[in-house]
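Engineer: Sequence:
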Amino acid sequence: MSPDIVIVGAGPAGLCLARALSGHGLSIVVLERQAEQALAEPAFDGREIALTHGSQALLERLGLWARLPADDIAVLRDAQVFNGPSLFALKIRAEQAGAERLGHLVANQAIRRAAYQAVRECADVQLLCETGVRAIHPQANALQLVLQDGQVLQPLLLVAADSRFSETRRQLGIGAQLKDFGKSMLVCRMQHEQDHQQVAWEWFGYGQTLALLPLNGRQSSVVLTLPPREIERLQQLDDARFARAMEQRFERRLGAMQLVSSRHVYPLVGAYAQRMVGARCALIGDAAVGMHPVTAHGFNFGLGSVQRLSEQLLTAWRERQNIGAAEPLARYERQQRLATWPLYQATNLLVELYTNDRLPMRLLRGAGLRVAQGLLPLKRGIAQHLTARG
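Going by the working numbering, the final residue of the sequence shown carries number 390, and the count climbs one at a time with no gaps.
These are calculated hints, taken from the structure and not from any lab test. Keep in mind that this is a model prediction, so the values were computed, not measured. Wrong hints could be hidden among the right ones.
[Unchecked claim] Computed beta-carbon distance windows for the label pairs:
| # | residue 1 | residue 2 | range |
| --- | --- | --- | --- |
| 1 | E319 | R233 | 55 to 63 Å |
| 2 | A346 | D239 | 22 to 30 Å |
| 3 | Q345 | H24 | 20 to 28 Å |
| 4 | F44 | A339 | 29 to 37 Å |
| 5 | A330 | F44 | 33 to 41 Å |
| 6 | G23 | A240 | 45 to 53 Å |
| 7 | A330 | E193 | 41 to 49 Å |
| 8 | V152 | E251 | 53 to 61 Å |
| 9 | E251 | F44 | 22 to 30 Å |
| 10 | Y206 | R241 | 29 to 37 Å |
| 11 | A346 | A66 | 51 to 59 Å |
| 12 | H24 | A240 | 24 to 32 Å |
| 13 | P267 | G207 | 12 to 20 Å |
| 14 | H264 | R33 | 15 to 23 Å |
Beta carbons: idealized from backbone N, C-alpha and C, even for Gly.
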């Protein structure tokens, strides 16, 4: 089989790229290790995705947004950042950018389901499940892929979209800067007594980081970051004791709390690929850039990579150029690095500063938030970045 493009990984980034490239005369194959049923009905994984206005606009163009149930979409109006036990908060308001909201929160499960449904309607996209790439062999005008089931594909272009721990990236000989933060992240949904008023929290406590992502009603996605052993102890608590523990960690600022979902734990590891492209190959999504979740940019970066790569490939295709040639891929890499490298580095610095609990750093953290609160241009710039539609 000789498709034009093979995409490895049927997560949201891979499926969105397939949908973006569909309808232009290209033949596309998507490879996925999971069974197709797991894509059609993805399990709840605890993750809620903060979507910027630009990401929403792309999902609308790809036909995903209309497939999301209204109950799975929550308004993210404003955001606030706390430090330690202080009640003072740095506040980022949508109105500072002339908008009604900073964005929306959507369950990762709902996005994955919508992406699958959109791709299944594309006659030029073939989905091969329960298989992966066993070997990659360069050819004169294509790549030869040997799949786990023995099938051989010869695409003009291979795209890796198989997570920040991408095996495809490794097979292509592309390294990555991995940053292990030494922490685990526990996520779940909780009901709480006090109204969140559609405001997200980022709370850098001493010895822990808490985030609250407002869902519909008086429910929120709660994100707790701790060393792995402490997360394991919390996981062993029954639902009632876990809820009491979370009330204490939030210092009862939300009143009584109740667990309303399963709990999920993820290691905190950042990744930045040494190269975004290679000979007849490109990286998108977390395979290219895997962000620390503190700035909620990971998924938005993934969608940005989809938009940038698809635009370059479709331009080359319309101009009858080789989509696996170096020129369009090099343009994609330049755009991707410019869009992601500064914020990737700034995010890592932010995490280092706000998780360092030595006294001098505590004082610096508090002072920094108060200075930032007084810098209206800074807060307006952040709000405008989140509310821009492209």
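Engineer: Next, verify each hint and record whether it holds.
Structural biologist: Status of the hints after comparison with the structure:
1. E319 / R233: 55 to 63 Å: holds, 59 Å
2. A346 / D239: 22 to 30 Å: violated, 38 Å
3. Q345 / H24: 20 to 28 Å: violated, 35 Å
4. F44 / A339: 29 to 37 Å: Check passed, 30 Å falls within 29 to 37 Å.
5. A330 / F44: 33 to 41 Å: holds, 40 Å
6. G23 / A240: 45 to 53 Å: holds, 52 Å
7. A330 / E193: 41 to 49 Å: With Cβ atoms ~55 Å apart, the hint is violated.
8. V152 / E251: 53 to 61 Å: This hint holds: roughly 59 Å between Cβ atoms.
9. E251 / F44: 22 to 30 Å: holds, 28 Å
10. Y206 / R241: 29 to 37 Å: violated, 23 Å
11. A346 / A66: 51 to 59 Å: For A346 and A66 the Cβ distance comes to about 34 Å; the hint is violated.
12. H24 / A240: 24 to 32 Å: Because 54 Å falls outside the window, the suggested range is violated.
13. P267 / G207: 12 to 20 Å: holds, 18 Å
14. H264 / R33: 15 to 23 Å: holds, 19 Å
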